[in-house]
Amino acid sequence: MDMMESLDLFERTDVVNSLLARYGVKFGIYKNNTFHEQLFPFDAIPRILSVQEFEYLEKGLRQRVDALNLFLWDIYNKKHILRDKVIPEEFIYASSGYLAQCEGIQPPKAIYSHISGIDLVQGKDSEWYILEDNLRVPSGASYPMIARELCRRSSPRTFQAISVADNRAYADLLKRTLEHVNTGGLTVVYTPGRYNAAYFEHSYLAEKMRVPLVTCSDLEVENDRLYFKDYSGKKEQVGAVYRRVSDDFLDPMNFRQDSLIGVPHIFDVYRKGNVALVNAPGNGVADDKGIYYFVPKMIEYYLEQEPILHNAPTYLPYYRQDMEYVLEHFDSLVLKDVAEAGGYGVTFGSSMTAGQKEEFLRLIKSEPRRFIAQEVIDFCDLPILEKGGKVDRKADLRAFVLSGEETVVWKSGLTRFSRNPDSFIVNSSQGGGFKDTWVLNQ
Amino acid sequence: MTGRLRRVRVRYRKGMDTLKTLRFRYDLKIEFSAPVTHHSFTVKCVAQSDERQQILRQDVRILPKEFLSQNQDSFGNSYIFGRTDPEHDLFHVTAEGLARTGAVESTAAGEGYQQGMYLAQTPLTWPGPNLRHLFDVLGRYGRDDTLERSLRFQMGLRERFSYEKGSTGIGTTAEEALAQGHGVCQDYSHILLSLCRQAGIPCRYVVGMLIGEGASHAWVEVLHQGRWYGLDPTNAVRVTDSHIKISHGRDYNDCLINQGVFTGSAAQKQSVSVQVYEEQEKGSDVI
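Chains as they are written, first to last, in this note's numbering: chain A, 11 to 452; chain B, 18 to 304.
Chain A on its own, in the form it takes in the complex (with noise of 0.2 Å):
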């Protein structure tokens, strides 16, 4: 860091925001059903992970991907995890994430989960905690990735002078992902379209990977195959789509009928085998909420060993130890609501009025399933350039893990810090910022 300082690169943090903006590096959100573009507002202190930590995590990571991966083909097809009654059925049953439409489905190469953003902190203990894991459409990799380049072009001598590993590379790893599950023809990027809150990646990320950018007109079932039309109306077989369109949008024929930005029948080519969705329907089983808390647990029934990573310390009122710890500790805790994602559904015990706190109660004990609780980890702080000089703030870390021939941790990964001072949510869709994630290479 000391060295650094002597290095231009952050000087330069103005120029690096200004062409963010204008490569359009922006994602979109919905408030009171409008549309808005936000810039996503880029501090130029990278997150800087040694090589040894860097190598502790990707080990912890990629062991928990890995269980988490054999844990949805489990719940899919023969659920010995249930059977063996180490999660409850009803956590399954229950969930919203479950989708009884994916029961038996063999997805190519019986990989879910592709690409995993998982959500981690760094304690003042130096110890890191798994927050969340999105096996869904995570997003967020484009940002580091062209913060980087910018960052190159702003800065050069800044990476002449420290070694830090190409994140760039993301596109290829992707890429290789996707072929890996391809079922013969064409890999595809497939966007809701300009209106998603991150379509600035959907494109950044098809640009680098030299594949087509297609959304829901640009594809057509026919003979339980899909095809992939252009603009000259010559049809062409797809193999791969990496679907940046959630489950419930996917296909109007199998989720929701209402959906006009999905394919007919995609699910159901899908299920023959004939095309690799990336990620598989259905995640989000595994990604819930009430799920995180046996995370821990599959590692330790799928792979027989021992978390490597930690979950947050948390709580299941589900439990009936577990809630009478919730009521005691109320006010030392953070409240989740497992059907909420983004940051929304997030409350913590010490900031509620009395009449909000019983309220809160009378609920968490006639829907106990619906809620978890965690300690609140007193994270790490990182550096923020505001007004000339450095402040602290709350950060956080998604790690992307790739999921293909082999299960591989990017070596990069998106810092996302609170703008405000007393919040610990970094959510972007809350009004955060990003840093870059480097990791050295010595």
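If you are wondering where the hints come from, they were derived from the structure by calculation, not from laboratory data. These figures come from a predicted structure and were not determined experimentally. In this text, a Cβ means the ideal position worked out from N, Cα and C, and glycines have one as well. Careful: at least some of the hints might be erroneous.
For lysine-lysine, the following DSS-like pairs were computed, each having C-alpha atoms within a straight-line distance of at most 30 Å [said to hold, decoys possible]:
1. B:Lys182 / A:Lys282
2. A:Lys244 / B:Lys82
3. A:Lys282 / B:Lys46
Output of the computed footprint for chain A on chain B, the stretches with three or more beta carbons under 8 Å from beta carbons of chain A [stated by the list, open to error]:
4. 89-103
5. 133-147
6. 269-278
A few chain A residues facing chain B, derived, Cβ under 10 Å [unchecked claim]:
7. Lys88
8. Ala171
9. Val231
10. Asn264
For chain A, the structure is supplied; the task is to place chain B on it using the hints.
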């Protein structure tokens, strides 16, 4: 979906030692008020052989079509999907065939821990105050087994619910139907499912055909000692050799006989007719 047939002998015959051969015809027509194009469809009207029913012959026709594919869904039902792009104002599905019933009354189920999805309530079976109250009245006593208890729910429902065509729609929940006190076979089935699930009995919704002339029918299967047993709450009987099963799922939505999306602005008129007759000869000529 209705299917109440009054003049049918649906008494359950213990042992069911005589086999019945049933000739069936299912006919679905969707008339569009204006031509439509790019019509994708999924049709789930193909009966399958199992221990209880043997489908000797079946001929399914779908018009118009450009391509058709067949597969099995996650519940084990056979379905056909396809698309037709040119303009059309009629979509017509027929399934004709011969079924043999009466060998056994139940079918084998997988392992109990694999049937959990049939234990969870769905939005259509979710118990509100009325269903919870009915369960309190019917379910909180007795040391009967799961099948006896399900039959007790069925008898209890018969006393409190009456058949009335057209009084409910496809989106009517079990709770809403029970509150108004009348409905059709779909509502009877959803209420019985809700009661059985409150009692912890895995159970599923069944779409099928019943001897006579009418529309398609719906009933319930409950899991008892590793086997699925059919209960027909609309007629307050156990499922007999007069029932031909088409599909099953957690509720009505898993068993939609026809689904479609198309381009065009048109009103749809759907008409369904089902005919099932017993073949008088023993059917030896059709194997």
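Here is how each hint holds up against the structure:
1. Among the hinted pairs, Lys182 of chain B with Lys282 of chain A is inconsistent with the structure: their alpha-carbon atoms are about 39 Å apart, more than 30 Å.
2. Under the criterion of a C-alpha separation no larger than 30 Å, the hint pairing Lys244 of chain A with Lys82 of chain B is consistent with the structure, at around 22 Å.
3. Using a Cα cut-off of 30 Å, the hinted pair Lys282 of chain A and Lys46 of chain B holds, with the two alpha carbons roughly 28 Å apart.
4. With a cut-off of 8 Å between beta carbons, the region 89-103 of chain B has 5 residues touching chain A; three or more are needed, and the interface restraint holds.
5. Given a C-beta distance limit of less than 8 Å, the hint that chain A covers the region 133-147 of chain B holds, as 4 residues qualify and 3 suffice.
6. Proximity of the region 269-278 of chain B to chain A, defined as three or more residues with a beta carbon under 8 Å from a beta carbon of that chain, is established by the 3 residues found.
7. Evaluation of the Lys88 of chain A hint against chain B yields a held restraint, the C-beta minimum of about 8 Å falling below 10 Å.
8. This hint is violated: Ala171 of chain A has a C-beta 56 Å from the nearest C-beta of chain B, more than the 10 Å allowed.
9. Look at Val231 of chain A: its Cβ gets to within about 7 Å of chain B, closer than 10 Å, so that hint holds up.
10. About 8 Å separates the beta-carbon of Asn264 of chain A from the nearest beta-carbon of chain B, less than 10 Å, and the hint is met.
In this structure, the earlier hints numbered 1 and 8 are contradicted, and the remaining ones agree with it.
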